[in-house]
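Student: Listed below are the residues making up each chain.
There are 2 protein chains.
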Amino acid sequence: MSQARRLVLGSSLSIGGSHTSVWRHPRYWSDASINIDYFVSAARKAEEGKLDFIFVGDSLYVNDHTAPHLINRLEPLTLLSVVAGATSRIGLVGTLSTTYHEPFHVARLFGSLDHISRGRAAWNVVTTALPGTAENFGRDSHLEHDQRYRVATEFLDVVKGLWDSWEEGAFLRDKSSGVYFDASKLHTLNYKGEHFSVRGPLSMERTPQGRPIIVQAGSSDAGKDFAARHAEIVFTHQPSIEEAKRFYHDIKERAAKLGRNPNELLVLPGISTIVADSAAQAQQKQDEIDALIDIDEALKELERYLDPAAIARIDLDEQLAPHLDGLLTDGYQAETERIAQLVHKENLTLRGLALRMSTRAGHNPFVGTAEHVADAIQQWFEAEAVDGFIVSSGPIVPEGLHHFVDQVVPILQGRGLYHTDYRAETLRGQLGLPVPPNRYAQATT
Amino acid sequence: MSQARRLVLGSSLSIGGSHTSVWRHPRYWSDASINIDYFVSAARKAEEGKLDFIFVGDSLYVNDHTAPHLINRLEPLTLLSVVAGATSRIGLVGTLSTTYHEPFHVARLFGSLDHISRGRAAWNVVTTALPGTAENFGRDSHLEHDQRYRVATEFLDVVKGLWDSWEEGAFLRDKSSGVYFDASKLHTLNYKGEHFSVRGPLSMERTPQGRPIIVQAGSSDAGKDFAARHAEIVFTHQPSIEEAKRFYHDIKERAAKLGRNPNELLVLPGISTIVADSAAQAQQKQDEIDALIDIDEALKELERYLDPAAIARIDLDEQLAPHLDGLLTDGYQAETERIAQLVHKENLTLRGLALRMSTRAGHNPFVGTAEHVADAIQQWFEAEAVDGFIVSSGPIVPEGLHHFVDQVVPILQGRGLYHTDYRAETLRGQLGLPVPPNRYAQATT
Ligand SMILES: Cc1cc2nc3c(=O)[nH]c(=O)nc-3n(C[C@H](O)[C@H](O)[C@H](O)COP(=O)(O)O)c2cc1C
Ligand SMILES: Cc1cc2nc3c(=O)[nH]c(=O)nc-3n(C[C@H](O)[C@H](O)[C@H](O)COP(=O)(O)O)c2cc1C
Numbered sequence: 003m004s005q006a007r008r009l010v011l012g013s014s015l016s017i018g019g020s021h022t023s024v025w026r027h028p029r030y031w032s033d034a035s036i037n038i039d040y041f042v043s044a045a046r047k048a049e050e051g052k053l054d055f056i057f058v059g060d061s062l063y064v065n066d067h068t069a070p071h072l073i074n075r076l077e078p079l080t081l082l083s084v085v086a087g088a089t090s091r092i093g094l095v096g097t098l099s100t101t102y103h104e105p106f107h108v109a110r111l112f113g114s115l116d117h118i119s120r121g122r123a124a125w126n127v128v129t130t131a132l133p134g135t136a137e138n139f140g141r142d143s144h145l146e147h148d149q150r151y152r153v154a155t156e157f158l159d160v161v162k163g164l165w166d167s168w169e170e171g172a173f174l175r176d177k178s179s180g181v182y183f184d185a186s187k188l189h190t191l192n193y194k195g196e197h198f199s200v201r202g203p204l205s206m207e208r209t210p211q212g213r214p215i216i217v218q219a220g221s222s223d224a225g226k227d228f229a230a231r232h233a234e235i236v237f238t239h240q241p242s243i244e245e246a247k248r249f250y251h252d253i254k255e256r257a258a259k260l261g262r263n264p265n266e267l268l269v270l271p272g273i274s275t276i277v278a279d280s281a282a283q284a285q286q287k288q289d290e291i292d293a294l295i296d297i298d299e300a301l302k303e304l305e306r307y308l309d310p311a312a313i314a315r316i317d318l319d320e321q322l323a324p325h326l327d328g329l330l331t332d333g334y335q336a337e338t339e340r341i342a343q344l345v346h347k348e349n350l351t352l353r354g355l356a357l358r359m360s361t362r363a364g365h366n367p368f369v370g371t372a373e374h375v376a377d378a379i380q381q382w383f384e385a386e387a388v389d390g391f392i393v394s395s396g397p398i399v400p401e402g403l404h405h406f407v408d409q410v411v412p413i414l415q416g417r418g419l420y421h422t423d424y425r426a427e428t429l430r431g432q433l434g435l436p437v438p439p440n441r442y443a444q445a446t447t
Numbered sequence: 003m004s005q006a007r008r009l010v011l012g013s014s015l016s017i018g019g020s021h022t023s024v025w026r027h028p029r030y031w032s033d034a035s036i037n038i039d040y041f042v043s044a045a046r047k048a049e050e051g052k053l054d055f056i057f058v059g060d061s062l063y064v065n066d067h068t069a070p071h072l073i074n075r076l077e078p079l080t081l082l083s084v085v086a087g088a089t090s091r092i093g094l095v096g097t098l099s100t101t102y103h104e105p106f107h108v109a110r111l112f113g114s115l116d117h118i119s120r121g122r123a124a125w126n127v128v129t130t131a132l133p134g135t136a137e138n139f140g141r142d143s144h145l146e147h148d149q150r151y152r153v154a155t156e157f158l159d160v161v162k163g164l165w166d167s168w169e170e171g172a173f174l175r176d177k178s179s180g181v182y183f184d185a186s187k188l189h190t191l192n193y194k195g196e197h198f199s200v201r202g203p204l205s206m207e208r209t210p211q212g213r214p215i216i217v218q219a220g221s222s223d224a225g226k227d228f229a230a231r232h233a234e235i236v237f238t239h240q241p242s243i244e245e246a247k248r249f250y251h252d253i254k255e256r257a258a259k260l261g262r263n264p265n266e267l268l269v270l271p272g273i274s275t276i277v278a279d280s281a282a283q284a285q286q287k288q289d290e291i292d293a294l295i296d297i298d299e300a301l302k303e304l305e306r307y308l309d310p311a312a313i314a315r316i317d318l319d320e321q322l323a324p325h326l327d328g329l330l331t332d333g334y335q336a337e338t339e340r341i342a343q344l345v346h347k348e349n350l351t352l353r354g355l356a357l358r359m360s361t362r363a364g365h366n367p368f369v370g371t372a373e374h375v376a377d378a379i380q381q382w383f384e385a386e387a388v389d390g391f392i393v394s395s396g397p398i399v400p401e402g403l404h405h406f407v408d409q410v411v412p413i414l415q416g417r418g419l420y421h422t423d424y425r426a427e428t429l430r431g432q433l434g435l436p437v438p439p440n441r442y443a444q445a446t447t
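If you read the sequences in order, they're chains Z and V.
Here the first sequence is numbered in the numbering used here, starting from 3 and rising by one per residue.
Here the second sequence is numbered in the numbering used here, starting from 3 and rising by one per residue.
No lab work stands behind these hints, which were simulated from the structure alone.
One thing to keep in mind: the hints can contain errors.
Because identical chains share one entry, a pair is satisfied inside a single copy or across any pair of copies.
Unchecked claim - Computed list of lysine-lysine pairs in DSSO-like fashion (alpha-carbon distance at most 30 Å, straight line): (1) K177 <-> K287; (2) K177 <-> K47; (3) K177 <-> K52; (4) K347 <-> K194; (5) K287 <-> K52; (6) K162 <-> K259.
Using the sequences and the hints given, assemble the complete structure.
Tutor: As structure tokens, this is what we get:
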């Protein structure tokens, strides 16, 4: 590796993770997901800690089983635009689905966010896991898993093409000659593919970052291939440093095989930290949070991965392994495979699995003193298991973020592991990701 | 009319109107359309003048003939979200097309803007006039004019239904009982119509205004019927007080026939004002602006209304009337009818029409001293030709807005015609428009 690796830290303002009942904690800001004041104040706190970016998730389908923190939420692009105006340096990562959107709209939304924020926009590309989503968009059925990634691949080709509509410096706005733009720098895409047909050009000049950064969060084989081709950041969940290492090297290799520089594809697992003055106090806080879990809520949450009708037929305290075939949905492939392994390895019952998935209790290496959390971060980073992390603003929202910024970040900075100020004006500059050249631009050598 | 009528004034930050070359004026902010600083500073100026709202237009298709101020622009919802964060009382009207969007996304975007702005969102519903738009969205052809309005009518039924998904007070967030929401106040739309099929519910609680305000800008018969059914504000272009009066009474009658209170449908023509210390100076400024017109630009602009191929075949200085059949497009029906009348009445050549459409020179009653402009506004309002106006931030952007706020508004306030402070926290409150009841709510009498 020619350049020194940089530790990357983002903050996920998307609330909740998998713990569905933590909103009942006395210090939890329980209407945060719909309250713009939460997002603005949390983003400012994250910027105070010089975190690289904030992340906002999304979904396009809810029903009365949806977890509290997901059922009532702001739309990501409007939310991030407000935050863009209220901050000056922190990156802004928003989620949007390629299965239920039009490339032309998406290119405009993220392009506009990049202009508005002066180069801080990133798009978390998701393919949408919940099949019910189809019914909100007049579709007969949800596309099958790998087909979703094929559509996504074409979607990205179109959006990137639209972002190249205008070369750098195309807009002259010369008042004396009356020339507003240089027509030789305007390019009409005329894309005709299997899933999309889009003429272009985009009604927007090249954005400050050349184009917004592409983030991706699928962990299946199809998801990793997609990431290797299109993404510059990969989000993931990794339960242990060993698994993280395998994932990290897998992703980097896939990118290298496609001729990409693996340093230009950053791997960032999501973590939830609990920081306290002693290990015992941290554990006590974890127990306090876990005690809030309601088995019904935990079961509802499991419906992301297990067929609801099947769940209803199984006894809570029966062994789950014999029932597993046909029980798992195809929404989150990497996660359902992990669930299957877990059930077999630990002989879990339905109740056991539900609680386990809702708490991940006792399995979180990022619970302890600030020193301990900083050590774990350093260890994972230096072992080349990760390029950094997306740190949840919870589990108790927003104090998780505050403790992280106030207590953990200064330790990492003190060790020379983390920057003490932003390095650049744009998120690309900050992350050391290159500005992609416009496909039409003449190389000037 | 039981209640005193209130004069309504909005500011259109959508740049340019029909004058395509005014950006060449030395004082014109020529990159305004892509510069968020313009929108934020103009919105703050408008708020200083207690204007009721700002308006941002949109389009989904450009080519190398598109006018300079339209070819390179920010996306309206992201733009307005930044403005929401930078202002506190002024209303935020954004444009989105029902022909090229999904109701579920649109309900979320405007619902989110209403939450973020604490009740200041309004949606300018357009059906999209430019046929080329189809090619940016993989469609074989653009829908025919009246069909676009039929789709729009259903679109609005769906979006309004989604906005009623949750009754007022549905989210309890009761930490002690663990009840996050009251399931009896959640309603799944299950809409199945001719053009749309949308399950719901929306993943967002009822917005501060009950729902965003609906604005509409079609002037054709189908457009006026649509407005009478769905809109709370109608934008329009009216060249004279007589025509404005006819339009005003036509719209109000259509609303009344549908059983609506005609006071709850406001009619606001767009105007461009030029203010100077004397009538002669104002005229001189108008001439200075008109002198910038480039006949090629003016011809390009005509392509909104006239078939480009046909334009190319006609001599610039030939009488246009004999060629008119088959020349007019169906995009902007009311406007093309007006063009046909004009060509016949004034025996216009192609050049004459192009210049006439680009300047509207000599026909603008809102050019003169501040006193004169205030008089004209008062006259149109008191004659019941309008409920108010959308005032352009141009023609010289942004000084048109500054002159209006600094010089015209104080005169209107001095006459007791215009408010000196906002009356309410929400745009509905400010405009005297009622909060629509949730369709599922039990009447509590
Ligand atoms: C850290 C992280 C964040 C995610 N955020 C979202 C999200 O906001 N919205 C969404 O629909 N899916 C989200 N996902 C789900 C992924 O996009 C993807 O659908 C899921 O991981 C299944 O993909 P796979 O089958 O390729 O593993 C997220 C996944 C991870 C790991
Ligand atoms: C004041 C005003 C503003 C408008 N703004 C837009 C706009 O931003 N985007 C758009 O596509 N159409 C816009 N229109 C066009 C109308 O939405 C509509 O397409 C056009 O008036 C033709 O409709 P009609 O055939 O019913 O007259 C505007 C029209 C008026 C009068």
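Student: Failing hints, ascending?
Tutor: 3, 4
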